[in-house]
Amino acid sequence: MSHAKTRVMTGNEAAAHAARLARVQVVAAYPITPQSPVVETLSEWVESGELPAEFVTVESEHSALTVCITASTVGARTFTATSANGLAYMTEQVWWAAGARLPIVMGIANRAMAAPWSVLNDQQDSMSVRDAGWVQLYCRNNQEILDTLVQAYRIAESLYVPVMVCYDGFLLSHTMMPVELPDPDTVDAFLPPYHPLTVVDPDDPRNIGPVTLADPRPDAEGVARNGYMEFRALHHRALLGALETIERVDAEYGAATGRTWGGLLWEHRLDDADVVLIAAGSLGTQLTVAADELRDEGMNVGVLGIRSYRPFPAVAARDALDGRSLALVFDKALSYGHEGPICSDIRSALQSRTGAPVVYGAICGLGGRDVSPADLADATRRAVADRAAGIVDREPDWINLHLEEDAR
Amino acid sequence: MTRITELPTDEVVLPGNRACAGCGIGIGLRAVTKALEGRLVLVNPASCLTVLGGMFPTSSVAVPWVNVAFPSTAAAAAGLAAGLRATGRADEMTVLAMAGDGGTSDIGIQALSGAAERNDDFIYVCYDNEAYMNTGTQRSGLTPRGARTTTTWTGKRENPKDVPRIMEAHGIPYLASTSAVFPTDVYDKVVKARSIEGLRYIHMSTPCPSGWQFDPKDTVTIGQLAVETGLVALYEVEDGAFRLTGRSASLARSGKRKPVADYIRMQGRFKGMAEEDIAAVQAWVDQRWAGYIARHEASAGESTGA
Chain A
-11 MSHAKTRVMT GNEAAAHAAR LARVQVVAAY PITPQSPVVE TLSEWVESGE LPAEFVTVES
49 EHSALTVCIT ASTVGARTFT ATSANGLAYM TEQVWWAAGA RLPIVMGIAN RAMAAPWSVL
109 NDQQDSMSVR DAGWVQLYCR NNQEILDTLV QAYRIAESLY VPVMVCYDGF LLSHTMMPVE
169 LPDPDTVDAF LPPYHPLTVV DPDDPRNIGP VTLADPRPDA EGVARNGYME FRALHHRALL
229 GALETIERVD AEYGAATGRT WGGLLWEHRL DDADVVLIAA GSLGTQLTVA ADELRDEGMN
289 VGVLGIRSYR PFPAVAARDA LDGRSLALVF DKALSYGHEG PICSDIRSAL QSRTGAPVVY
349 GAICGLGGRD VSPADLADAT RRAVADRAAG IVDREPDWIN LHLEEDAR
Chain B
392 MTRITELPTD EVVLPGNRAC AGCGIGIGLR AVTKALEGRL VLVNPASCLT VLGGMFPTSS
452 VAVPWVNVAF PSTAAAAAGL AAGLRATGRA DEMTVLAMAG DGGTSDIGIQ ALSGAAERND
512 DFIYVCYDNE AYMNTGTQRS GLTPRGARTT TTWTGKRENP KDVPRIMEAH GIPYLASTSA
572 VFPTDVYDKV VKARSIEGLR YIHMSTPCPS GWQFDPKDTV TIGQLAVETG LVALYEVEDG
632 AFRLTGRSAS LARSGKRKPV ADYIRMQGRF KGMAEEDIAA VQAWVDQRWA GYIARHEASA
692 GESTGA
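Line by line, the protein sequences give chains A and B.
Residue numbering for the first sequence follows my numbering, starting at -11 and increasing by one per position.
Residue numbering for the second sequence follows my numbering, starting at 392 and increasing by one per position.
These aren't lab readings, by the way, just hints derived from the structure by calculation.
C-beta: ideal position from N, C-alpha, C; glycine also.
Hints are supplied without guarantee of correctness; some may be wrong.
Said to hold, decoys possible - Covered by chain B, per the in silico footprint, the following chain A stretches (three or more residues, Cβ under 8 Å):
#, segment
1, 35 to 45
2, 79 to 87
To be verified - Incomplete in silico selection of chain A near chain B, CB under 10 Å:
#, residue
3, Ser48
4, His50
5, Ile57
6, Gly63
7, Arg65
8, Leu185
9, Val187
10, Arg194
11, Thr200
12, Leu201
13, Arg205
14, Arg213
15, Phe219
16, His223
Given these sequences and hints, build the entire structure.
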């Protein structure tokens, strides 16, 4: 018998509720806009005794993730959250957490990177650490934040890889929406306790995370043990394995709560779509509004949403895009000197595929620049016209950019 | 005070490791781990100690050893302490962080200051070999004035930071300064620290034959000279009360400190150091020593009610 309750809350509150439902044991975090309310809420619950956990009020983001790393090493379920420069500051530990194969879960309230300063949303922060070996999941709304964070612990602890759950700063972190809180027993049944792989025991001493040479080396018994590259290959295998795990965990969560989020990818009116709009996060929801508007005008437009950015569901994306005429990828991030990161990944997934659509990129929403469904619909109309004109290679379309041609 | 013959004979620092001949760290590590009776988890950032510990899949020290990123030592220890508490295992082992002088006074000082302010529950040992020895003898914030390093080719111009005083300013319950070449002084301080809750900081001098450029057979002699000249002082501060210990306490009584020149002239790193620079170091040491004596006597006066 489920006792789920629905409350109106911000994305940050939804994230805090997820950590509590997951019965996290150690929380460490450092304040940064727009993430701060997550940890303020958790701190309040720890102080009041509502959440029986250790809360370590660290002096930096580097230390926040460090505390999660070693607490996770001794078998505690851990949580932290950050944004933008906070994530950049902990980058060394982002790599460490992944390489040490620790199932840490971290919320990212996506925010633009300085300089210049901006506290507003884009996705440059998490995109910049996509290669570090974490699973990265992007959310569309506050319910998905809560549900994905709970799922993230299952994914992380099944594969021993850390998971970042990314949600757009302010657009979700500070926006109130109804969120159904699953009953704690339902979550407990879904999420068994964490069993660490690492052994920290004076009676069974281990050297954890030591210097590892390039080639395999024999241990004291003469058995060859992995070199650095073998460990990295295993890590990559785990990330590839997450493609199946993310789908399965989402389905099992659906069986327990009645809600699923599409696993790796989600779609909107995609069946007969000739033009496919692609994005991650709340931008995807806006794309559905734009697609509906364009459908009303008689255009066959659908949406493919990226929920799992790492691992990248290349095969699923390829299958979803096969036979379409145009894929238009909207990125809220940029690999400077090249193009949007999701756009690059879609191109690479479709590489050398006959029947693959033409891929165009669009850059939008950097540093919180407003982008409305009407803007997205306009960008789609421009792209459809360019496609009809036979253009295959096109520079990214910068949406709502106000810059003179000769500006420097 | 424990005598050397009374130290526990159990060893977790196994014979055969990758440290340089004559390295002071091994002597200190043995005393520290004996004081904790092997019931510890060691937190170690990139440093000479990492080299001593051994490369995968081998280990030269039979304790749980958690390797961590260079700036993160104190936060890593705080996370272990929190994780052990959260999982009900806090009584099973002492969390011991052990980092070098660069890892402590330079890149690690932010995390250490944060942990000290929070009074997180672990022992932090800074083993001080006075430069980045593991990466090839670059100067650190604890390299002494006049020492040539690979980033101070004509000799460092500044005096080192006083990290124990920085730590004392945080109001932590226990801090000590010691030297690896006085293993019983190390042992007694760690035994005392073990029974105290909160952040306990121990600064341990570890002479380095390769970086200081002396014969590996002279590690103990050099380390003793550092103490006998007052360059290194053995002391502890417990709940604010300062007390010189061991050889430093006897020097305070006898007043027979040796000139720093005796110590400086034995080491290649100070080769060609100008007389006026040696005199400046002597004056700096004299001033520091006078401060130690004043604090030592003030505390002694208080404890006898004088």
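Taking the hints in turn, this is what the structure says about them:
no. : hint     : in the structure
1   : 35 to 45 : holds (count 4)
2   : 79 to 87 : holds (count 3)
3   : Ser48    : 6 Å, holds
4   : His50    : 6 Å, holds
5   : Ile57    : 6 Å, holds
6   : Gly63    : 5 Å, holds
7   : Arg65    : 8 Å, holds
8   : Leu185   : 14 Å, violated
9   : Val187   : 8 Å, holds
10  : Arg194   : 6 Å, holds
11  : Thr200   : 4 Å, holds
12  : Leu201   : 6 Å, holds
13  : Arg205   : 6 Å, holds
14  : Arg213   : 4 Å, holds
15  : Phe219   : 9 Å, holds
16  : His223   : 15 Å, violated
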